[in-house]
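Student: Read top to bottom, the protein sequences are chains A and B. Numbering (the working numbering) for the first sequence: 1 to 278. Numbering (the working numbering) for the second sequence: 279 to 542.
Just to be clear, a hint being listed does not mean it is correct.
Said to hold, decoys possible - Straight-line alpha carbon distances no greater than 25 angstroms define the calculated DSS-like cross-link-like pairs of lysine-lysine that follow:
hint, chain 1, residue 1, chain 2, residue 2
1, B, K385, A, K67
2, A, K52, B, K336
3, B, K347, A, K67
4, A, K107, B, K364
5, B, K347, B, K364
6, A, K50, B, K304
7, B, K350, B, K326
8, B, K463, A, K145
9, B, K336, B, K350
10, B, K332, A, K59
11, A, K52, B, K326
12, B, K304, B, K487
13, B, K463, B, K482
14, A, K91, B, K364
15, B, K347, B, K422
16, B, K422, B, K387
17, A, K52, B, K347
18, B, K496, A, K59
19, B, K387, A, K114
20, B, K385, A, K114
Claimed, not checked - Under 8 angstroms between C-beta atoms, here's a sample of chain B residues computed to sit facing chain A:
hint, residue
21, M298
22, L299
23, V342
24, F366
25, Y414
Because the hints were derived from the structure by calculation, they are not lab data. Glycine included, C-beta positions come from ideal geometry on N, C-alpha and C.
Below, each chain spelled out in residue letters.
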Amino acid sequence: MLRVLSTLVRTRSPLFLTKTSPSSQTLLLDRQAACEGLEVHQTRNTWILKRKWTPPLNKLPRYEDDKRRRHLPSRFHVYELVEHRDSVPLKPLEVLLVENVEGIGMKGDIVKVKLNLARDQLLPSGQAVYCSPENLEDYADLIEKRKKEIEDAEGPTRSAFVETTLKYLQQMRLNITMNRNNPWTITKNHIAVSFRKAGVVVPEYAITMPNDPITSDNPRDFEIQLMVNRTDEVTVPCHMFLYASGNVNRAAPDDKGAYGKLAEAEMSTPDQPTNPSP
Amino acid sequence: MSSSARKLAPAWRSGMWFDMLPEHYKARYWESRTRQPIPVHWIPNKDKYMIHPKNGQKVRIEDVPIPVKYPKECDEGLWGGEGVVKGFQKRHPLRRRVPHYWIPSLKKKILYSEILDRYMVITVTSRTLDLIDEAYGFDHYILKTHQVDLKSDLGMTLKREMLLALAQKTYYPDDPARQAKILKKYGKYMILEEEAEWIGYSLKDAIIKIRLQLDDKKPVPLKEKYKAELLEQLADASHKDKSSDQETKSWISRISPFGGKSES
């Protein structure tokens with residue numbers, strides 16, 4: 001029961017790989033809210049004007065289709081701006097997806113997307129169609145199929161955000177900070193906490209640890225396996241950082257503590273990256 | 279022709295060539311001249327009367343449309359009924375009014391027509407794009423919108439092409455499934471082929487068209503007919519004569535003993 005809830009990576013909000021599996025509807029609602037909030041930018045639109053001074057009334061028409069009007073002097077062509085939709089937010093457009101679109105939705109979903117995305121990308125390429133009554137009728141079986149898929153699924157279904165999440169996880173390198181002085185063994189809890197610090201919420205059951213345990217006697221870089229939606233597996237490299245705060249009793253130079261051992265290991269393998277990822 | 283239409287018509291618009299035009303064209307022409315377009319640059323009043331703010335009396339109010347200019351460039355794009363408004367601005371109560379032109383902001387967009395199966399780069403305004411979304415597609419927008427509101431030669435040309443394609447069923451000839459889909463979607467806009475080929479022509483172009491059509495149907499004068507017949511006969515005769523001459527010559531030369539000498 002694992003599902004990605006939101007992928008607002010750019011806003012540095014945390015990625016959730018939570019145990020509670022939100023329905024697809026929540027996902028869509030989330031996206032709509034995000035899109036409504038973000039879609040405020042300048043558009044140049046129609047000028048809507050009105051007269052500054054109201055012209056005197058014309059005579060009532062004498063016969064049917066009497067089109068005669070009085071001649072208006074220049075002062076009645078002084079106009080004021082009623083509305084130039086210069087900074088009116090663009091309303092998001094509702095479209096029906098005909099194909100799976102990464103980061104947007106699955107086939108048969110009705111989603112609200114940014115206006116320009118729909119106009120420039122989704123609609124011309126045929127990935128989506130307008131939500132017109134005719135289209136809804138034509139693609140009724142597609143929509144029903146998708147709804148059934150969501151309802152009937154015992155476990156989680158593969159959502160449109162899986163690809164984005166996988167990409168994000170593949171490019172990241174997890175920094176694990178541990179105490180330099182006290183003895184420890186790394187558990188799944190440590191990994192989960194480190195992920196949370198990096199902005200990703202991961203449940204412990206999704207983590208697969210390496211076979212040989214990592215302890216304070218033998219600190220080293222290692223790799224863990226992450227299961228996303230129980231369908232996709234990602235390998236995330238982890239990097240150890242040894243840390244001690246405050247008034248530290250530094251280890252004697254001849255006594256090779258955990259830090260000394262790690263430094264040695266790094267020296268012996270110069271290929272390994274030492275800089276933490278941003 | 280209605281009475282108002284007759285008033286609008288200058289003398290040459292009710293002339294010989296105009297009367298020759300098909301009835302459906304004439305009806306559409308007069309409608310395009312008399313119909314009021316949907317207001318774009320001003321907001322019409324909701325009511326005919328209002329309560330005066332000071333004395334509380336019922337006062338008549340009326341719509342005085344703001345005149346809009348349509349430059350020739352609007353025929354090369356789809357401006358969605360927008361145009362140039364020419365007027366004045368009063369920027370300061372103590373300063374003289376300043377002339378000002380309110381011009382639409384244009385952009386080029388790639389639009390796709392499903393019936394014509396064609397991608398086109400067209401100059402549009404934001405309003406056009408909004409209207410296309412409102413109509414659920416480019417083809418629907420073009421076919422649904424009246425000539426008066428479309429306000430573009432390009433739009434009317436596209437409309438004619440689409441209606442002709444629908445009438446002649448020239449869309450997707452190799453794909454019957456898609457053909458049925460198009461017919462279901464746009465069947466409600468279908469008109470007769472004879473009508474469709476006249477859609478969107480200006481009066482000048484329509485008159486040229488009818489003249490060309492009538493030229494083809496013109497009866498040939500009998501003079502021309504007899505002349506042609508006579509020429510044919512003569513051609514035949516001369517041909518026959520030639521052949522007969524050759525025969526006679528050969529026959530004479532065969533009989534006459536002096537033939538050869540006289541020739542030499």
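Student: Which of the listed hints are broken here?
Tutor: Of the numbered hints given earlier, those the structure breaks are 1, 4, 6, 7, 9, 13, 14, 18, 21 and 22, listed in rising order.
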